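Chains as they are written, first to last, in the numbering used here: chain F, 1 to 683; chain B, 1001 to 1544.
You may find that some hints are simply not true.
[Claimed, not checked] Straight line, CA to CA, 27 Å or less: simulated DSSO-like cross-link-like pairs of lysine-lysine:
| id | chain 1 | residue 1 | chain 2 | residue 2 |
| --- | --- | --- | --- | --- |
| 1 | F | K659 | F | K629 |
| 2 | B | K1529 | F | K78 |
| 3 | F | K659 | B | K1450 |
| 4 | F | K85 | F | K140 |
| 5 | F | K335 | B | K1258 |
| 6 | B | K1450 | F | K140 |
| 7 | F | K406 | B | K1209 |
| 8 | B | K1529 | F | K132 |
| 9 | F | K524 | F | K629 |
| 10 | F | K282 | B | K1204 |
| 11 | F | K282 | F | K78 |
| 12 | B | K1372 | F | K505 |
| 13 | B | K1450 | F | K85 |
| 14 | B | K1372 | F | K132 |
| 15 | B | K1496 | F | K85 |
| 16 | F | K514 | F | K132 |
| 17 | B | K1467 | F | K497 |
| 18 | F | K335 | B | K1204 |
Hints in this document: simulated from the structure, not taken from any laboratory. Bear in mind that the values here come from a model prediction, so they are computed numbers and not experimental data.
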Amino acid sequence: MDRFKLAIDIGGTFVDIVVFNQQTKVLRHFKVPTTPDNPAQAVLSGVSDIKTQLSQFTDFIHGTTLGLNAILERKGAKVGIITNKGFEDVFLIARGSLNFSDMYRFDFEQPPTLVQRRNIRGVNGRINFLGKEISPLDEKALLASADELINQAGCEAIAINFLHSYANTKHEKLAVKLLNRAFPETAVSAGGLLANEYREYERTSTAVLDAYIKPVLKDYLQNLKLGMRDVGFDGKFYAMNSAGGALTFQMAEAKPISTIFSGPAGGVSGALDLAKIMKKRKLLSIDVGGTSLDANLILDFQPVDVFEAHVDNFPILQPIFDLRTLGAGGGSIAKIDNKLLTVGPKSAGAVPGPACYGRGGNEATLTDAALHLGFITASNFMGGKMEVADTLAKQAIDNNIAKPLKIKTADAAISIIRVLVSKTASAIKEMMLERGLDPRDFSLLAFGGCGPLIGPMLFDELEMAELIVPPLPSVFSALGMMTSDLSFSQSMSVLKKIDMDDFEKIRDKAKHLKVQATNELLEKTREVGDPISSMTARVRFIGQEHTLSVPFLENDTDKSLFARFTELHLNRFGHSFKLEAEVVSLIVKLTLEKEKPDLTLALTSLDQNTGAEYHKMFDDENSCFIETKKLPTFHLEKNKIYEGPFLVYDEGSSMPLLKHQTLVLDKRGIITVRRVEEKNGKY
Amino acid sequence: MENTSAADLEIISGLFLSAAEQMRRTLVRTAFNAVIYEVLDFGISIADSKGRMVAEAAGITSFIGANDYALKTLLEKLDLNSLKPGDVVMLNYPYWNSAHASDALLMSPVFIDNNEIDMFLCVRAHWLDLGAKDAGYVIDSTDIHQEGIIIPGVRIIKEGRLDEDLWKILTFNSRLPDAIEGDFGAQVACLRTGERCLKEIFSKFGKSKVFRAIEDFFEHSHQKALAALSQLPKGTWSASDWLDDDGISDEMIKMAVKVSITDTEFIADYNDSSLKVAGPVNMTYGGTVSMAKTYFKFLTSRDSPSNHGNYLPLKVKADPGNLFHAIYPAATYIPWTKMVAFELIAKALAPVVDWLPMSSGLDEPGFMAVGKHHQTGQPFVVSNNEGIGWGATRTHDGSTALQHPSTSTVRNTPIEVLERQANLFHEELTLIPDSGGIGQYRGGLGVRRKVSMVGETEVISMKKKSKTVGWGLDGGQPSLIKNHMVLRPDTPQEKKVGMYRETLQTGEAFVNYSAGGAGWGDPVKRDLKSYANDVANGLVTLKE
């Protein structure tokens, strides 16, 4: 009997379902519409469409945006906070700052908070910055406060955070234990246990967000589990985490904040796998959908992490892949602002969608521009399942852009694309510069429905080495989940100078952290085996705020670590200093590798009879339409070099290959695009 | 000449903005002192060869346009023909710059093809110590020469090479030479990033297209500013307010503005204010201009990036010798004048422009602490900018515990950082109930913080609005709490202070108070549900 894996990714408008037969290597995928009111329903209805017996499935891997949406839509649990007496307002006072985008709004109106002030309690007990207990935790007051919050105020979850808990978690551990015992039904989250990092507001916020989504996510995952069991699934349940790996459902329920970016995690995991397969040390991936573009960096086969992310202005101290979201996608709307042509961030979304969908949209979008220029093909939109109309696209471009500017439709359309590409390129440059990286050293990986569309222009604009497009780019995110490993990270606050005296202490902390994390991982997953571990130190010169993440090796000495740090600083920022440095924290990342499906043969097919057809496409260089070809991806010969311009497409996306660009499809179905000059320069 | 296409205009202006943004990120990532990376005390700008600002990246709200005046004076004072590619000019002379002597401006000319100066780049940031009379901050200087070493716009880097002689003078005049070296390096890296970006833009589009786009962009922004101006009432309105004192005597200081709006101009005239005072609260004219620019930006183009064109309608008047136009040798160290005077324009216009907010807590009521760490013996200088309540509008309550509007992107300092780095053991941090000014919409709340010393520490209380209150309209009331600090509370030596410096011994404490914002409208008309909610959350208490 064949065995199968199932991956389900919930996006903004569609649920992507991917089924992979581990024996025959046949891959099937389909989409069902989302059901925003009850997200599990769409997943289960999609599952019911699977033709294979569910008992033959071994793994179910899921990416969900449920936790994130609960925060954005304020649909989480009623949370109470317990903290130090006298510091009840830390969460409400926050850091007192506005975002750069709001900095000139002197009439600013604060959004509703997640926790009402009346649901915050302070109790006695204090730890100082050295981790020393100054006064013991008032256990009686703690239980009395919790009782008020839970039984009188009706709180469904409690967030705990105490000052300096990063230096000593004793009070938080005790508080969690007492509350779990007295109130077993109530979800409890603790700042120092979730994030062993200094800064009290950020830790409190992490605990509050975790508590806020805990009941919601737990209900959802348990419902899903029951529903799946009901229809005969008997395998393992995994949820994607925000670091690009997978967790068991149980782990996700216990620490839901780690799944906050579960949605885009599949793409990151897929990109990581592809970087390893293709041996690309420096990869920038872009996932371009209808409304937004998610950019992510992969360096030395690791996704670049950040340790602080924000959701709706609330900070989260968790290792999260550094995902930058831009308002650029297929639905991005073009507008004229006096003398300027602007594109996005507003999007036509799925409803009404681009004008060419014929669903009542009359604004000009990126998709309309691309359709008019022949950069996507009308005949095969969404695998031919969707009718699009070039006349509607042309009309929208004419009315909104071409006529007011008194230019030709095609010139208006290419302008829309150029503006969007330039804006995207700038944002990517800024993101990379922050880390001292240069896009020219990177390969670009483009996926999502519109990734292949802007990929060729974007990699040209950024002068990147090459463009890579994976097989089935439009469902790559769900595919990526199939290749994810179980991953787990833990951090530990250190705050010690790198010198001879302190280095033993740093090493002891590292050893301790690794053992503790490994035990926890094995216990929680009930897996056996040796996880692969990698340790990172966040280091800075004493006096600096920002840290650099430096690999921390088992045989490191103070000198070797310091040398690695200064070299990285010099590399990234062009200068270094002769000053002392300190380790702010250590992070261990554990990976339990899962069996990876071999996607080599996993190419599904369109109608096999479709061959090369003539196609009209715009040539930017000469500002005119030219007769060229369009080819389905599967029709490309392996390892043959094709020269642009022409259009290549599959059922979910199209890619306009430009003049002076070449394309090669390898045996794995991966496309690589390069510039002609470069090829000549090399050999 | 043919106009630049709409797409090229958007692309080129976007690239300039991105260049400024890349400069900002370089500075923040590599800076050494918290005043740059945390307090964001810097301003970055890109200007054309005539000194007209093309794009900028401010750290703090009120630093928009802050380099424009400095660049304009440099263009007058320098022999431009002597400038070479790779040069970096340094300026901190307050009367030419637009800030106090600790803010050093670095300027570099950009030669696209080595023939002539095509663009200028500027970055200005707060340096931790340039040899002023006191460490940390100067609150009672009486002339410029007590405020630090003066660098009057000279080349610190010549054709890419650091002037070692000059550098020695600088570092030997600083108490913190390491920090200076780090921050100087970060500022130079920031300029080099900008230069690289500009060269890319020019090589892509060519000089003539870029320069044409810049002119078009100025024109576009000027038109937008005029359109916004047409939405404002025409006429003349005035307002005045009080600054606590000049740090030398106890006398309050009058600040006043007269705002005149016509179809094409917005004139802010500060001449009815006090004349120059003895202490360091005099404002440089450049600082006055950027203060007015900031509020003007809120009035006309708050959500879009601005350039030279946006500010063409703005005229700022303050005669030399006025509080708002310091001349040599007036002391100018304390920029709090700029904060307290910031909402004067709002006070003048709020009766006639119905979307303007009432007064905020009006000041940045923070503190600094200087001393030797009780555990490590290491010297420390820490600071905290405290949030205040913001004013209500005619449609919503004021925001609570935000930084002063003129520094709205700044963050307060975590307790865990203050306790780790300094001798400041915290006993309380709380919102102050009833500190929001009452009204149909109430003002935001202020903050109270109690700290006791675990080692001898010099505390500098920073506020210049501790004697008088703000303003509301139509029955709305200002906050009853004023910005202030109480030293040694509940002891015979208890003392209430505004801007003040004193050494506290181990075991002694201070309590820092920040004001709330003012309310708008008759408090009796407040929605009952909102009132009940305020009471339930303890933001408002039930009183007799």
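I'd like to know which numbered hints this structure contradicts. Please list them from smallest to largest. Hint check: 3, 5, 8, 9, 11 and 17 fail, others pass.
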